[in-house]
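Chemist: Sequence:
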Amino acid sequence: MGNRFEISVVGDDGQWAAKCIDQAVAEISRIEKLLTTFSDDSQTNQINAAAGIKPVKIDHEVFQLIQRSLRISELTQGAFDITYGSIDKSLWNFDVNMKSLPNAETARNAVRLINYKNVIMDSDHMTVMLKEKGMRIGFGGIGKGYAADRAKAILQQNGVNSGIVNAAGDLITWGTQPNGKPWTIAIADPNKQMTPFSTLNISDMAIATSGNYEKYAVINGKKYSHTIDPKTGLPVTGIKSVSIICPSAEFADAMATPVTVMGISVGLDLVNQLQQLACVIIDDNNRLYTSSNINIKN
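Just so we're aligned, residue -6 is where the sequence shown starts under the numbering used here, counting upward by one.
No wet-lab data here; the hints were simulated from the structure. C-beta atoms are modelled at their ideal positions from N, C-alpha and C, and glycine is treated no differently. It is possible that part of the hints are untrue.
Calculated pairs, EDC-like style, for lysine to aspartate or glutamate (alpha carbon to alpha carbon, straight line, at most 16 Å) [what the hints assert, rightly or not]:
(1) 50 / 115
(2) 110 / 125
(3) 215 / 276
If you anchor each label on the Cβ, the simulated ranges turn out as follows [said to hold, decoys possible]:
(4) 32 / 214: 39 to 45 Å
(5) 101 / 173: 52 to 58 Å
(6) 285 / 67: 21 to 27 Å
Kindly generate the complete structure, drawing on both the sequences and the hints.
Modeler: If you want it as structure tokens, here you go:
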């Protein structure tokens, strides 16, 4: 998935633990083959190849993942959208060579095919169709969270009562540390990636972070995140990182980016309306904002 996965299990038998981890890795690999855009025969690419032409029959698992993705799009009013795949990456390379933003009209044209409402689902025939030619879906905003949840499920089925699956910083925990205490998770300082900004004691919870500290551009002294607003086609500003905490790695993964797009006030308002969801936001001035149901230690 282009990401590093780390799996930790608590147990007394090293061989048993290694076998459990191998099965979890096999599950992650299986999901990658289904969802990748780097293989012509993946279900994602079959859907994209038939955009504007015909419906494509897909596995029930992928169908359900798309359905859940579309529900999150509705929830976030399009700030999360799996049809982002049609965006022209050449306009936003977010590296040291990027010296200016595209103008507003060019940006809008680049995102004109992004519209989750143009994903047509047929549950009777288990097919999906993208309405417009050139549309593309991608699971970059939800896939690794889904894979982490599935890896956890496989481990639990094999009797692993405590562990962590870390999908490149999006991680899910269950059970306790070997000493019986809850897992302690650090939220990275956006200015110093290896230094914790704050810590949280969590168990049976997932956390996912979307931040501009790894990929961004500085134009005329202003920092622009690699996160693109799918409505305007322009990068979002003002937020360094958003961390979402909830029971599902998939949902945490999917919600971190749209809260960044929605902004501090609207994003926190949405999070505060949802059960079992918490949020930590760090803005460009290093101010800390949290949802109403969270207690963090600085």
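Chemist: Which of the numbered hints above does this structure break?
Modeler: none
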